[in-house]
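Colleague: Produce the entire structure from the sequences given, and follow the hints as far as they go.
Top line first, the protein sequences correspond to chains A and B. The working numbering puts the first residue of the first sequence at 1, with every later residue one more than the last. The working numbering puts the first residue of the second sequence at 370, with every later residue one more than the last.
These are computed hints drawn from the structure, not numbers from a lab. Certain hints may be false.
Derived SDA-like pairs: lysine to any residue, alpha-carbon spacing no greater than 20 Å straight-line [to be verified]:
# : chain 1 : residue 1 : chain 2 : residue 2
1 : A       : Lys260    : A       : Asn126
2 : A       : Lys259    : B       : Arg480
3 : B       : Lys527    : A       : Thr359
4 : A       : Lys267    : B       : Gln526
5 : A       : Lys260    : B       : Arg403
6 : A       : Lys236    : B       : Val645
7 : B       : Lys455    : B       : Ile388
8 : B       : Lys455    : B       : Gln526
Selected chain A positions facing chain B (Cβ under 7 Å, derived; list incomplete) [said to hold, decoys possible]:
#  : residue
9  : Ile76
10 : Lys236
11 : Val242
12 : Ala246
13 : Asp249
14 : Ala262
15 : His344
To give an idea of the chain B side of the interface with chain A (calculated C-beta under 8 Å), a few residues [as the list claims (entries may be wrong)]:
#  : residue
16 : Asp474
17 : Ile476
18 : Leu514
Just so you know, even glycine gets a beta-carbon here, dropped at the ideal spot from N, CA and C.
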Amino acid sequence: MNNSTHFTSAVTWVAIVTAILLSPASFAGAQQSAATDDIVHAANAFLSSLSTEQRQQVQYAFNDAKQRARWSNLPIGFVPRGGISLKQMSPPQREAAMKLLATVLSPMGLEKVNEIREADDDVKTNGRGPGGRGGPPPGGPGGPGGRPPVSRDDMFGSDLYYISFLGTPSITDPWMLQFGGHHLALNITIIGSQGVLTPTLTGAQPATFQLNGKTIRPLGRESDKGLALLNSLEPKQRSRAVLDYAVADLVLGPGLDDKKIAPEGLKASALDARQQAMLLDLIAEWAGIMNESSSADRMAQIKADLNETWFAWSGPTSGQAGSNITAYYRIQGPHLVIEYAPQHDAPANHVHTIYRDPTNDYGRALTKP
Amino acid sequence: MALVALALLSGKSACAHRIDEYLQATILSLQADRVQASMRLIPGILVSPSVTAAIDSNGDGVLSQVEQRAYARRVLGDLSIMIDGKSVSPKLISWSFPQPDQMRDGIGEIRIEYSVELPSGGTHRTLVLANHHLSRTSVYLMNVLVPQDRNIRLLAQKRNEQQSLYELDYQQMAAGDARSGTSWGGPRTWLNGVQFLSLFHLGMRHIAEGTDHLLFLLTLLLAAPLLVSGSRWGPAAGARHSLLRILGIVTAFTMGHSITLSLAAWGLVRVPEQPVEVLIAGSIFVSALHALRPIFPGKEAWIAGFFGLIHGLAFAATLERLGLGHWDRAAGILAFNLGIETMQLLVIAVALPLLMLMSTMRAYPVIRIGGAACAAAASVGWMVERLFDIGTPVDAIVNALARHAFWIVIIGLLAALACRFLPASRAGRASEPGMAQLLE
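Modeller: Below, the structure written as structure tokens:
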């Protein structure tokens, strides 16, 4: 009896000590620089696959404010992006570009990016019925009649996403990688071992579609987890969180950098531990787009701010997991703004979201001397 | 559906743009002597022709500088802005317009910057902004930046459903106060005189606008000047008796809500809001019953004290929403409570003479029973509303009445005076024995 108790506690201690030694924290420094090493390596591999002319097209000065702000939810036909698109690349170049993204982003982040691009393919081939709930593509599969007009090809498609660099990839000096197109704008600033993803825009229309017999919802977890958090609230918490007015669109969309609006709704300090975990899990849908080491740093910061973080909801409070909400919500903390804004034309099927750090958009807090 | 089809026909996909809405987003920034506002106006595809036509007044397809300026002025002309209840006019600072083809595609963004000079005023300031510009097709966003100026502290934002009407309450300390504030460790670490005043104000406003609290107290006072005769209310007692009893009730109510307000504000008591609100509505019903028939004669003060405990919990909820720090709390409770007391005393000071005058009138039973019935009806409406989350017109009616309380009181007072003194004291004297007979 005694022996076995001793044995159990000894095993427990060994396990704890091992866990501490192997914990990511003790290797954080090494891992992070390894991550930046990998990213710089992948970036240089991509750049060296380009022709001289292409390389000139993708490179901007680090302080090029115009290129930095050249992003939008709109298709490239309306707001031309800088850099070069996947469409303009040869297959090996495209492969190098995707390899770079896979190094910078987490698997979850890459999947989200790819699903947003696939939604744009869906637009191109299937067009868009009212509310996006249109049936099979016109002309049917294989039918020659369904060929979209040429202008559509230049407007939509998973290859119309652009890559650009501000500054030169470096493991010490700050530089930026941008990747974006319709409904997507990743603005990634790398400063030494740190990677900053703000500001980033994700969006989707259709926000639910079929691909190879599978239902795809590029921002489905954002909808489901937001709704689950709302549903977890007690009536008193809920009455604080649910705003009594409509929010028609993103308040801090493209172009509205560094703005700290007065927060509203329910303060996360009024949430219990389970609800706080749900809120963090929801935030991770944006913060977790970046590779693991950058995401972990960011989530630690957000967790430390949690008591000063607010959750506000506007619009219908009913909904079902698995189908997109038609309500707006906002999460705001000292270093965080997230907005989820269904669009008026097809609320359940067209959504824009923004992810910001008003104190550190484009890594400004870290790049300023 | 038709709109979407129309947009599709326009040659470009309906996605990614606004269609039939005109988005008007405003972000305000508060400064010591002015409010700066930046507006972004984005007309959807179907709205843009009419907006473009409104800008391009000569119809030449070009948005000239003169036309741009005129439109920006028109937008500002469609705003109404009030600061501390005074109307102020915005000053145009700058504007920029997109190309006409961007407008046509529903992606053009008009930007207008304007400012409003702040008239000098107190520490508790209220800004009201209404945007009437093309309201039929517009959707609005209204927000305020977290103030850079540490002397400015936001208190509350209110909006109508579409956000076309926006009210911002904030607190502004004078520069002098701020300097002394920072010298003792930052203006937020200790509640200084200015904040004290502002919380005092808030307490006054809370009781003035929280009609349910006042209704409870006033209903309880309806029968206070009367004597009991059997199981019914009898004639008016003397002035001294009435006065003492009314003061007793008011003091007990104050003591009751002060106790729970303090306990709850310190976090020693925590009660969910909904049952408290229901009980408050219920308390009005109880005092209305008492005004009809004496159910606890002579014990009004105890009842007032008991329900005061419950009303205090609701006051605490308001205070909690302000998010006062621990050090601010003691002074905050005091200031807030003093504000409540002052407003309550003001109301009593007006109601008391009216009540004493009316209580000797022949028609007083009608007033008392009518008042009690109205209070009971309001209380039932509120209880239903608060229990089942069903909208009733009670709030709207009571608030409309409360807004005209001043005139109602004046008219009541004049009527009472007229009855008492005008048709000679004959009528009054005659009524007293008559009433006594009636009740015997």
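Colleague: Please go over all the hints and tell whether each is borne out by the structure.
Modeller: Now the hints, each set against the structure:
1. A/Lys260 - A/Asn126: 40 Å, violated
2. A/Lys259 - B/Arg480: Distance of about 16 Å is within 20 Å: holds.
3. B/Lys527 - A/Thr359: This hinted pair is violated, its Cα atoms lying about 26 Å apart.
4. A/Lys267 - B/Gln526: 16 Å, holds
5. A/Lys260 - B/Arg403: 19 Å, holds
6. A/Lys236 - B/Val645: With Cα atoms ~12 Å apart, A/Lys236 and B/Val645 stay inside 20 Å; holds.
7. B/Lys455 - B/Ile388: With a Cα-Cα distance of about 37 Å, the restraint between B/Lys455 and B/Ile388 is violated, given a limit of 20 Å.
8. B/Lys455 - B/Gln526: With a Cα-Cα distance of about 18 Å, the restraint between B/Lys455 and B/Gln526 holds, given a limit of 20 Å.
9. Ile76: It is violated, given that the least Cβ distance between A/Ile76 and chain B is near 11 Å, above 7 Å.
10. Lys236: 5 Å, holds
11. Val242: Given a least distance of 12 Å, the restraint on A/Val242 is violated.
12. Ala246: Cβ of A/Ala246 sits 6 Å from chain B, so the hint holds.
13. Asp249: Because about 6 Å separates A/Asp249 from the closest Cβ in chain B, which is inside the 7 Å limit, the hint holds.
14. Ala262: With a minimum Cβ separation of about 5 Å from chain B (threshold 7 Å), the hint on A/Ala262 holds.
15. His344: 6 Å, holds
16. Asp474: 6 Å, holds
17. Ile476: Holds - the Cβ of B/Ile476 comes within 8 Å of chain A, reaching about 5 Å at its closest.
18. Leu514: Since chain A brings a Cβ to about 6 Å from B/Leu514, closer than 8 Å, the hint holds.
When the structure is compared with the earlier hints, violations turn up for hints 1, 3, 7, 9, 11 and for no others.
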